[in-house]
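Peer 1: Take the two lone chains, each set in its own frame, and fit them into one complex as the hints suggest.
For the protein sequence lines, the chains are H and U, in the order given.
Each step along the first sequence adds one to the number in the numbering used here, with nothing skipped, and position 26 is 725.
Each step along the second sequence adds one to the number in the numbering used here, with nothing skipped, and position 88 is 131.
No lab work stands behind these hints: they were computed from the structure.
Predicted, not measured: the structure shown is a model, and the values here were computed from it.
The list that follows gives simulated cross-link-like pairs (lysine-lysine, DSBU-like), each with its CA atoms no further than 30 Å apart:
| # | chain 1 | residue 1 | chain 2 | residue 2 |
| --- | --- | --- | --- | --- |
| 1 | H | Lys1015 | U | Lys66 |
| 2 | U | Lys155 | U | Lys45 |
| 3 | U | Lys149 | H | Lys803 |
| 4 | H | Lys1089 | H | Lys834 |
| 5 | H | Lys871 | U | Lys119 |
| 6 | H | Lys1278 | H | Lys1267 |
| 7 | H | Lys810 | H | Lys1018 |
| 8 | H | Lys1040 | H | Lys1354 |
| 9 | U | Lys155 | H | Lys895 |
| 10 | U | Lys149 | H | Lys808 |
| 11 | H | Lys1250 | H | Lys1278 |
| 12 | U | Lys89 | H | Lys895 |
| 13 | H | Lys827 | H | Lys1090 |
| 14 | H | Lys895 | U | Lys113 |
| 15 | H | Lys810 | U | Lys66 |
| 16 | H | Lys1173 | H | Lys1336 |
| 17 | H | Lys808 | H | Lys790 |
| 18 | H | Lys1018 | U | Lys66 |
| 19 | U | Lys119 | H | Lys895 |
| 20 | H | Lys824 | H | Lys1079 |
| 21 | U | Lys155 | H | Lys871 |
| 22 | H | Lys1093 | H | Lys1177 |
| 23 | H | Lys1315 | H | Lys1278 |
| 24 | H | Lys1040 | H | Lys1322 |
| 25 | H | Lys1015 | H | Lys810 |
| 26 | U | Lys149 | H | Lys810 |
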Amino acid sequence: MSDQYSNEPMLDMFVFETTQLIEQLEQIILTNEKGSCFTPSAINEIFRIMHTIKGSSAMMMFTDISVLSHTMEDLFYYLREEKPNYIDCSKLSDFLLEGVDYIKGEIDKIKSGDDTANNPSELIKTLKEFLVTLKTENNSIALNKVNSPVKKPQYYIRQEKSITTIYNNIYKAIIYFEEGCEMENIRAYTIIHNLKDITDDYYFLPEDIIDNDNSAEVIRQQGFQIYFKADHAYDSMHEFFMQTIFLRELDLIQLENDNEYKHLYEKKQSNIDSINILQNNPIKIPEIHNMNNAGMDKEKQASVTTQSIISVSIPKLDKLMDLVGEMVIAEAMVIQNPDLKGLEINNFQKAARQLNKITNEIQDLVMSIRMVPLSATFFKMHRILRDMCKKLGKEVELEIIGEETEVDKNIIEHISDPLMHLVRNAIDHGIETTEDRVSMDKSKTGTVTIEARNAGSDVLVIIKDDGRGLDRDKILNKARKSGLLYKREEEMSDKEIYNLILLPGFSTKEVVSEYSGRGVGMDVVSKNIETIGGSISVDSVTNKGTTITLKIPLTLAIIDGMNIKVGKSCYTIPTISIKESFSPKEKDLILDPDGNEMIMVRGKCYSILRLHKLYKVSTHITKFTDGIIIMVEQEEKTLCIFADELLGQQQVVVKALPEYIQKLKRVRGLSGCTLLGDGRISLILDVAGLINI
Amino acid sequence: MKKVLIIDDAAFMRLAIRTALEKSGFQVAGEAANGMEGIQKFIELKPDIVTLDITMPEMSGLEALKAIIKFDANAKVVMVSAMGQEAMVRDAIMNGAKSFIVKPFKEEQVIKALNQILEM
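With the rest of the complex left out, here is chain U (with noise of 0.2 Å):
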């Protein structure tokens, strides 16, 4: 089973991701309220993958993302965006971000986008 971090501000999306995961046989290693403890759970868990939210107060997904690839360069972390943040998503993708899903999403796309993610 692959395990799956999930990195959002909001308990609604963290559920929401959670529940499409572990529908589709993931595993989710743990969650992470903000940049700071998603972080920490990365280092610790050492996830397959990451979901990461954009917008987060302290510290934003872009600069989790940042640190994650500082300390992992092949980590994979799908960003979770908002319509409307086109800029934020490019800097993630250009900071080496695999890809995004936008919310919101279905939860097929969820699962497609990690498992396409974890083949490459």
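The following block holds chain H by itself, in its conformation from the complex (with noise of 0.2 Å):
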């Protein structure tokens, strides 16, 4: 990497740009090749990006990277300026998709830190040789349809170059450019376009800088020679020459007498006439309306000026939700301050609230900050889906709705993979092959969907196909086989025993493949979401296909909660997920027949949970009647959570649990925990995780 650039900023923007256009470009391939071809657009907007990933991984020395992208920007400037006919779209596809990859991956290393390089000169190799079949093909198709003669350049040759004006000076100028300015005979050019403001009298060495690029390698060696006639003194002259940019070497002579001048002289009419050709090229120039004005219309200039988006480092981010938290905390600390119980303040009640509004302000708008679409992720899955449909031969389409619903940034991250997860399992166990399809009368080409929308302080991602659907027989024996019945067989409803698969152990790496349905690393899946707070449910329908879908929290780091006491200890349940709660009456509670502490409510029978006795905490209120009931809910099952009092409503900010608890101890049924407004710690009650306590 360059010394110069390798300030962490720079990298970071080389990392963030480039990773943006990897991901538009890819985009582009897949809807193109869904097409027919590459539209001209698209193929101008390759160029492009292939263009700016040159430039840019140059300027960081990533020359494996500039130089696949320059080879990619060539292969797309013959296809933009040439519109071959006869393009093999789907190699082409595949090149290109093999070039992202390779730079995806690089990018990976670089912000890993990895230093290993890997070397593309395969997949260079493989493109140039495309780049010029494409070239043959089309060229013999050319000639074969059309026999229009080649066009040439055409110059226009004056007749006679009249020197009018007689010049008093003659001079010779050798200039050599700085190592490394590139392209010097175009600056040549630019001496030379500046030079007939001067004269027109004049002759310079080589003379093909204009139709000749090579020609910058002579001015290298030889430096670029001019010879003219002027009427400027020496030091005018001099200094006129002294304005080049990057000018490392200039030769000034003033020449005693023409000889030299005249023995060039024959040669010199083509060289001027083609750059006159150039001079007299009609410039277009844009018609930009009321431009003139718009330096006196001071609001539209307002509107211009004002950067509307900018973009700001995720720890950054991550850092303003940290603080934002702990200020909802502290602020809580002072409210609910101990201290204060008792006194009358009126005063300080009414800055306090309006301390917390402008708290609650705060925290919602760095929450709004932080939700992303998911639609970026949603067409990662394109890709795979094109991927997986090539290799497996299954026709396969993918449906994407409400991609345009935003979470937070964190969990987008954390629902990546098991997403990719899902709709690989769909591609690969749950849709048939074609001619399975067909012989079923369904459509051939499968379908997946995958489905996001907003469901109060969740999101739902449904992956749906109309695949074979789940074997559910096979997955009773299986469960039977692992003991992962919880349930009698026959008291199991359709939809618990297709859940099954979600169980850790009930699938693992080598039973996939002997194993037609549908389960690999589906505990993997599951266990993702959960550690979001999420939760996953599947159901399927025999040859009809399989939905499962995910519930994921908005986001993890603030939740409305209600604290709860059991004993010393205090907990804290999602208000969402609370239906009521109340204090019990003594008719209301009723046993069943194995001995498990029910409740009847309007009617209903719900179970109750002891707190205390599942956590081993000592309370003395161990009496229904003198406690509380709290009904919860969490995906259509109810539980009543048994609990000595409540202490209040509020928002708690999610800290996750340490490693021991979670991992070593184990203890179900919990989220995270939480700092009470006095200090304490209060653990955060999993309502799912409780009821399938």
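Peer 2: Laid out in structure tokens, this is it:
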């Protein structure tokens, strides 16, 4: 990497922009592949993307990326300029995606600080060969089709160059440019262009600076020589040349006679003419209406100057989120401070309410900043689908609904992998082969649908396929063998049986090959979703397809919670899951035949969970009538939680549980912990977990 | 301090140029991500000098240059180009660009070119 640009912001920006461009590119490739072939605008766009990546990577000295993108740029330059008729699009897409993957891989390595280079020379070679084939194929087609003469640049040749002015002085200048300034021929042209204001009698070497870009090399070696006549004195001419940008050396001599000049004179015409031709080309100037008025229109001006979007690094946002979290806690600590108990402090309360309002607003705002639409994650699936379909020889369409749904940035990171897994499963195990589908009277092309939609403080992500569905019996057999049946078989609903595949230990890697149903690491998917406080459920209809629903919280960080007390411990229940809370009456309490405690509420029976028993907390409130019952609901299942008393509602900042509670002790039914206003620690109950205990 | 306007569709390039310039005491008056925005900013910010990328979507650097020169014939515009775009650079010079820098460039090249053009 170049030292001068090795500073962090540059690298970050490089990684950021290149990643964005690559994603954009991938999307263009995939959309165009679906159509017949690349549209002109897509070709132009790809050309531009490769051009940008080439430039930036060259600056950062990532030579491999730069060379590869240069090759791709060349290819698309040809496509853009020549518009060949015959292109093997599928091959082209394959190459492009290979390139995309390579660059992605390199960017990942750059991000992780991995120095091992992966040589793209094979791919570059293939690309170059592809371009050559493309050229030959299309040339022969073109020749066969039209017998049109090859267009040669046509120069307008003037009859006679008439030099109207007679100049007094004759000069010879030899100019060397600085090393590494590049395009020396165009730099030389710049001088000639400026010299035209001084004289129209000049000659230069090498002559072909306009048509031949290799002349740059000649100038590098031998310098750029100009012979010219002018009225200007030596000093003023010297000054003129000294203004040349990237000038390394100037050798300006005033010639005594014009022998040397005359000698070269004959050859002069063509050069000047070709320059003149360029000169005489009509210059189109884009018409920009009202441009001149823009300066006067202040309001318009303001709208132009304000930059509407800036990029902020994620660690900074995370930090901000953390701080806001701390602030919410600190606010609670102040407002609910035990020292304030029983005091008549109206003014304080007023101020506290104001503070509370502002903290809430800040919090909402920070949350919204972190919200990202799911579209990018969803669109990644197109690529997986494409690759898998090619490999498996299946025809599958991907339907995406509600990709504009937004969730917290952190959550996106957590669901990307599970989603990929589920889509893979759907294509691999769910969708049948084309022949099977046809024989079953299904449409030839299978469909995988990914849908996202808001549901309260959650987002539902639904992955649906119209494949063969899950095999109920096989799942039951497998679960029986692994001893995973938590209920009697006869009592289990179909849905409960399908959901068995989510249990840890249901499937192992070896099973994949022999087991044609689903279940490849589904427990991993389920674990991933649970770590972010989400839940997953499976539903399936034989030969109609499988639907997997992920329920994901909008955000991880701050939730509305109800604090409850059991003995000396505090617990927090997410308010969203609470249906009601009440003090039970003796007559509503019943025992089922197994001795489980139940409560009758409005004619329906619910089981009661004693928190003090579950977490072995000592409390003197053990009679239901002394405490309080909180009815919670998750996924249409309801549970009544018994606690000592309610402490109050509060926004709580979710902190992860320490490793040893999560992993070593495997305490069930907890999703995190939080700090209360008085500084006590409260455990956040995982309602879904509790219901399934 | 001399005011510079950077017109480039690649954010990375804008940052690269900005970094180089700010180190050497230039003031980056503004950035524009396309030709049209570039022209508007030019009119509004009246920079002492402009760096202008040649390849940009929608309105190319060349078209932007023509518009800028039409607005102010003495505008000091330095083109930023990649290798292999000789023809476009030449057109730019013909249409009034003062000079050009070629990507990948070194910081000192940018500074040198800009300083020299400003002295003209």
